[in-house]
Amino acid sequence: MAARGDPPGPPEAAAFDAFVREYQDMVYGVAVRLLANEAEAEDVSQTVFMRAYEHFADVQGQPRVPGWLKTVTTHLCLNHLERYRARWRLFSELDAADAPVMDAASGAPDPEATLDAVERRARLEQALGQLPPHQRVPLVLFHFEQQSYDDIARLLGVSVGKVKTDMHRGRLALRRWLS
Amino acid sequence: MTMEHDELERAVQRALADLPAPRAPRGFHARVMSVVVPAPVVGRPWFTWSWPMQAAALLLVAGLGAGGAWAWPVLMASLGAMVPDQVHTGVGYVSGAAETTGALMRVMELTWSAVVAPIAKLVLLLTAMLCTACAVCLAALSRVALGGASQS
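In the order they appear, the protein sequences are chains A and E.
If you're matching positions, the first sequence starts at 1 in the numbering used here and goes up one per residue.
If you're matching positions, the second sequence starts at 1001 in the numbering used here and goes up one per residue.
Rather than coming from a laboratory, the hints here were simulated on the basis of the structure.
Ideal Cβ placement from N, Cα and C applies to all residues, glycine included.
Watch out, some of these pointers could steer you wrong.
[Claimed, not checked] Which residues of chain E face chain A? A partial, calculated answer using Cβ under 10 Å:
(1) 1009
(2) 1014
(3) 1017
(4) 1022
(5) 1024
(6) 1029
(7) 1135
(8) 1136
Start from the sequences, fold in the hints, and give me the full structure.
Here it is as structure tokens:
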């Protein structure tokens, strides 16, 4: 087995190839929902696999690999949001508590009763992506990654109350696209 | 209010659970592998090799060229001397072909000594200089332009 930090040799390169094929959808899925940007999600996902490659001798074949990958992806996405979107105050407690509820699809027409399930899902996905990050990120972590309010608050460095308020506003914005 | 909040949470949970999982783009796997696992040296362009490998490759090519230039007349002379022996000891029907081959060898030897040999060293030197110049230019280009872009 290679020492920690050693680049994998040819046999391990083949194993890493299979590793990427197995987990690329999962990693990319987490990243694209947290970032709501395909190009940025690709960049972050690539960085995740570079990290995995550096520790491949340790993580290969471990049952905790999916959890480890999701954790790394989440942290990198949050770092990315903080670093490259400085103008947006990520999870500021100063965010106006009485701000009007954000309607992510305010520019879109009202959903018709005849909207089919596929289109409704597409609209919902689009609306989720258009939510401001401080609403979208906790929603994604809660509903897709099954993290608790406490864990999300700890991860984001904000209060549980702030998390619940942001998530409720996000849900209200998505409500019109619920079937 | 609490009831409405819980109902909304459950409704969002159901709706989001119905969303299809995003799939990685088609070229993502290749992109990751090309960045993470470097291609074997033999499969990479010469100008991406490390400088000792580049120098060794240049020396090898120059050595092969010089060796070929030095050995070619000797080889031709040896072949020319061998062909008549084979003709003498071989069966009759080969003799015609052997004589033709011998004549061809002599023509090639004459061509070498009269035309190629005088300029071979010059061509070899020119080729080596051009290769070196190209290597220096490509190395500088990859450091200044391509290297900077790939690091961002």
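Taking the hints in turn, this is what the structure says about them:
Here the hint on residue 1009 of chain E is kept, as its CB sits about 7 Å from the closest CB of chain A, short of 10 Å. A cut of 10 Å between beta carbons decides the hint on residue 1014 of chain E: the least distance to chain A is about 8 Å, and the hint holds. Hint status for residue 1017 of chain E: holds, given a least beta-carbon distance of 7 Å to chain A, under 10 Å. About 4 Å separates the beta-carbon of residue 1022 of chain E from the nearest beta-carbon of chain A, less than 10 Å, and the hint is met.
Using the Cβ-Cβ criterion of 10 Å, the hint placing residue 1024 of chain E at the interface with chain A is satisfied: the shortest such distance is roughly 4 Å. Because the beta carbon of residue 1029 of chain E sits about 6 Å from the nearest beta carbon in chain A, less than 10 Å, this interface hint is met. Violation of the interface hint for residue 1135 of chain E is found here, the shortest Cβ-Cβ separation to chain A being roughly 26 Å, above the 10 Å cut-off. The interface hint given for residue 1136 of chain E is violated, since its Cβ lies 29 Å from the closest Cβ of chain A, which is over the 10 Å cut-off.
The earlier numbered hints that this structure contradicts are 7, 8.
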